[in-house]
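> Each chain, letter by letter, is given below.
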Amino acid sequence: MILDPITLEVLTEGLISVVREMRATVFRTARSVAIYEAKDFSCGLFDPASNVVAQSEDIGSHVVPLPWSVRSAMEQHGATLAPGDVILTNDPYRGGTHLNDVTVIYPVFADGRLIFFPAVREHWADVGGMVPGSMSGKATEIYQEGVRIPPIKIVEGGRINQAAIDLLLANMRVPDERLGDFHASLSACRTAERRIHELCRRYGVETLLAAIAQNMDRSEARMRAKIAALPDGEYYFEDYLETFQDGRLEPLLLPMKLTIAGDGMVADMTGASPQVPVPVNSTLAVSAGGVLIAVKSIFDPDAPLNQGSLRPIEVVAPPGTIVNVQAPAPAGSHGEIRKRVLAVMVGALAQVAPRLVAGDLCRTSFHNMIGGIHPRTGKEWVHYEWSAGGSGAFLEGDGPSAMATIDWGDLTTVQPTEVLETRMPLMIDFSLQATDSGGPGTTRGGLSMRRRLRLTSPRAAYSLLSDGAVLPAFGVLGGFAGAPVSSHVERDGVAEAFDMPGKVAGHPLRAGDAVVIRSAGGGGYGDPLERPLARVLDDLEQGYVSPESAHGDYGLVLAADGGIDVPASEAARAAIRAARVTLAVVEGADCYEAGSVSRRRICRINPASARDAGLRADDIVELMSPTAAPLRAWVVLDPAVGAGTLPLDALGRRVIQAALGARVHVRLLARGLLSASALRREAAE
Amino acid sequence: MQWIGVDVGGTFTDLVLYDEADGSLRVVKASSTPHDHSQGMMDGIAALGVDLGQVAKLAHGTTVATNTALERDGARMAVLTTRGHRDVLIVGRGNRTVLYNIKTARPDPLVPRRRIHEIGERMRQDGSVAEPLDAADLDAAVATLEAEGIEAVAVCYLHAYANPDHERRTRAAIEARLPGVFVSTSAEVLPEYREYERFATTALNAYVAPRVRRYLASLRGRLAERGYDRPVAIMASNGGTLPSEAIERLPVGSMLSGPAAGVIAATFVGRTVGFERVITYDMGGTSTDVSLIEGGAFAMTSDGAVGTLPNRMMQIDINSIGAGGGSIAAVGDGGFLAVGPRSAGAAPGPASYGRGGTEATVTDANVVLGRLGTDAPLGGSLRLDGAAARAAVDRVAGRLGLDPLVMADGIVKVAVARMTGAIKEISIMRGRDPRDFALFAYGGAGPLHAALVAEELGMRAVVVPPIPGNFSALGLLVADVRRDFVRTRVTVTRTMPTAAIAELLADLRAEAEADLAGAGFAADAMRFEARLDMRYVGQAFELSVPVALAPTDHEAIDAAFRRVYEDRYTHAPDDPTEIVNFRLSAYGIGRKPQLVPVDGAGRSLAAARIGTRAVAFDARPVEAAIYRRDALPVDEAFDGPAIVEESGSTTVVPPGYAARLERFGCLVLERKERS
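Sequence lines, in order, name chains X and Y.
Numbered according to this note's numbering, the first sequence terminates at residue 1110, and the numbering increases by one at each position without gaps.
Numbered according to this note's numbering, the second sequence terminates at residue 691, and the numbering increases by one at each position without gaps.
Read the hints as simulated data drawn from the structure, not as lab findings.
Be careful, since some hints might not be right.
Think about it this way: if two alpha-carbon atoms lie no more than 20 Å apart in a straight line, the pair counts; the simulated DMTMM-like pairs of lysine to aspartate or glutamate are [claimed, not checked]:
id, chain 1, residue 1, chain 2, residue 2
1, X, LYS464, Y, GLU558
2, X, LYS464, Y, GLU441
3, X, LYS464, Y, ASP319
4, Y, LYS429, X, ASP938
5, X, LYS651, Y, GLU441
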């Protein structure tokens, strides 16, 4: 059946309206604050083949992975599903995200046939486990993160499985609230069922199903047309997650091989670091969701979201790695992998669609916690802070500063100072966009936030669970990296830094101490020396860049009247360009070095060349590419390497699109945090 | 004496003249004059042929503040703010409103960062001074304001709602050196906590104030020339009027001036004719406004916005969507049909306006369907061009390979789907069933689509009030004076003695009484309502709870909170609550016009019927009767398909519906029993 475009449009609006009504129902009936105030839940309609067919203002990180849960549910129960059955699941190993995301999947039948799954994914404030809230940075196994619920029929033939409910609630904190949240999901799905039946009565089941099929087909056709316009080929990129082993940096490799063939795409993460016994790993659904969010956000932002747009993309994520965690490794903190998957997609696509990509976004969810006992109430208080960073710059404009990233929905990320100070024993001394935090570029990366939170009660503790504290968001097409996240404590005017950047557990604070945090800036786009001088001056006047950066990164020289001295600026730009350290690419091998878990790319440099360039062993450098994203590597001093040369394997040359003999700008990114392997090497020498 | 209501919109200036002597209402539509709206208003007054010396009351709905904000055409302004918090207005809540787009820019701030100046000062949340106001900083900032030729300043300090002293002294310092510069302080505009929303509302106020002030001064001048020297009442977003001088100080309170007047009129007419549960449906050229009235009262909210800018002034809860008669139908990649949000606006307007528009709009689709006639002038002077409408719809139909009549029907259906979506948001999604409500349709395009919208939602009746094309102007005449007062003090409910709660509310009331007395109201014409914004301890957002003016009992307060909470969220635990804001609404009750019953003598359906024409429903043309509304008899039903025409609007009665004019002149459409 081919529907006319009007019926199609009216039915599409009707289905989206069903999802909106589901949202309103959850919002009205849920019991936890996280759901009805932070709106940490999502609804969607899925078909029996686990395609998402409609969503509304829901959170991408919830909805896009949800089809994997639907598929698991169908595998388990597809053969026996009957009207009156409802499925409950939160199993990360079977299509879920983390245990706190509890999902109700509700089969809707018409004319005796299964036609739809309305589904609700809610973040439950607690699902048991070793700490209140269930997510702990110290978890080494999933059993510490709460109760795992494989896809079960929580309602069968219209009767609630009370034994299962009792068992689950007995293992969760604040069980009444959880029961309320469960009923909220159920009500939302029942509302959807009623509305779907109304649509079926009015338009006919076949018409409704035809509308869904056609919607997906036309979204798919749009996406396929965009992919077909790209040159076929293999594109490669790699990035890292930050962990520490025995106090030393252990970067976990996340590679991406993107194959574009005709109107389809394969995103292959083979070679990703093995899973680790800390909460960094993510599930297949989350990793694949990251790929799909990237593709949708880069190629077709305008079409309403349904599975059709995502069909042309195949995702490969080997089991047992950080991108496809297997039992019993923890899966509690999955957001960091999702953000890094977005990054490697951007990095790979920069090679083939440079006009469509943006610099890397702010890299991390940046979870800060300050808490203690409130002196006035005697009760425990926790301030949970996730200030957004800057997102990457793009061809047409500077990256947005301090804004929720594309994998988040419309979430508040900067909390009101006046509310915080009323509720918590804290003073927010400042809350400002961090000057120079946006990656310099022809268009500039978005700025991050810099905040100082001062304790006004006798004592508290500070924790941080973050990534991107060593490796910042990269720029593209010669744009520079943004600022990494940072945090330190000021006591009596003295700054105390932490030895493991980004990872702080329960650091003690006393009255008057201040925690100073900075989220991560976005990457730049294009060489900063190409930025129009007038825009550099504007950034300087607005305080978005410092005089040092305006001069040092952008070559701006001011005239006596405060305007732009154009000839002097042009000369400064030429001098900056000439002073860049460049090395000539030669054939290289053994470009990776093993750590205790994963491996990382190294850049062998002749010691004399390194000395001239001011580089030291274990420094992290970026090999810049004027046409794509940069390649990151750890410096290894090697007298066997010819002076002035840069040995690079074929993969590395592909990333930066450099031929043998090409001169590559080598830029210092971070001074070495000596890794365990480097220490071993030093000891051996 | 006579009363005049004038509602100035983007395209038309609508006037209503009410004569106290016989209760008659007369209407006029004049073209709006965006360069100086007072000109269009004077044209309209001239067309009414009224002697302004005989006019007792002139009330005005204005879009000057809203348009100034939306067009970003306001004052050259600056902000002074607490040191360390310069970016509150730039960063806001750090949220993202555009999903799935890697190239999303942050909306431009109202004030560039270079004109946001930090001043050393700091209050704590309890109003105590953490850091005194730095006089040297202030001096330097004022010098900068002077050097930069700033016209308006917003003074936005943290916790100023708890202690406005630093803001007041800053205002004094600016006014002393820079008389004539408009100064707006956050504690005066909106003394409640959450700095971004308060600062943004204050900045918006300062931004639009100079232009609103110039406009109102010009208007008063023109009126005075013509002999009108009484106060000009301006409609505010909260559904009350304020003297124009008060709006000059607080123009941000007039952002919903026109739409609010429509809701007031619907409440008034609904009550008069016996419809107390009503959903208002005001469809104009570029937007559609819907709201819900229950028990004769409309919902209020302080969670408003003007474009991307938050506006936390207390306002009628109106859901506005960017779809109207001028919405353009277009075909995108992959064959997606979209109706709006692009609009042909007033210029060039729909293709059928013959002003150079070539794209098919909702209005053009209605012309093609025969629902809008091409003979009678629309809204006075404009005659619709049927050929131009058909050509425009043909082009879209050609792209999709559809019959033009099917296309026109489809454009209307897609528009109606968006309208029903907007109504679901304020009804179903808040636990109200639209089937329990009547649809109150007005605005130029409301009555044209109302029956289709009501049919989709299963609503029981459509009411088209008298003068639907000038309906908001009528609301201006019936609105009371209203002022809303608020004070933030965050406190656990049971720890604040009820005497202290009553005392705080009494303070607000004293302030309100002085204000109303100043506006000439006697004590017996004043009315007050108290509300507390409350939440459970630990929650982040509040609900507004009506309470007694002098509460005597914590349990009564908590019980009232639980009722509101349960209505919103379906459950209400017996947990401890806290109070965040204390609110008082003050009304100065004025006289109202009385709707008089229609004199139906001598009228008949036959006389009202001016002919027939082919009108398409579901893309099939049928012969429909055409009636003149002003000749319809009272309480004589007639069946659809029919079209009822009048100056400024057209009502469609689809097949299967019957319509009648009830005794106060409302046209009531109801579905006939399905046979």
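> If a hint holds in the structure, say so; if it doesn't, say that too.
The hints, checked one at a time:
| no. | hint | in the structure |
| --- | --- | --- |
| 1 | LYS464(X) - GLU558(Y) | holds, 15 Å |
| 2 | LYS464(X) - GLU441(Y) | holds, 17 Å |
| 3 | LYS464(X) - ASP319(Y) | holds, 16 Å |
| 4 | LYS429(Y) - ASP938(X) | violated, 62 Å |
| 5 | LYS651(X) - GLU441(Y) | violated, 35 Å |
The structure shown violates the earlier hints numbered 4, 5.
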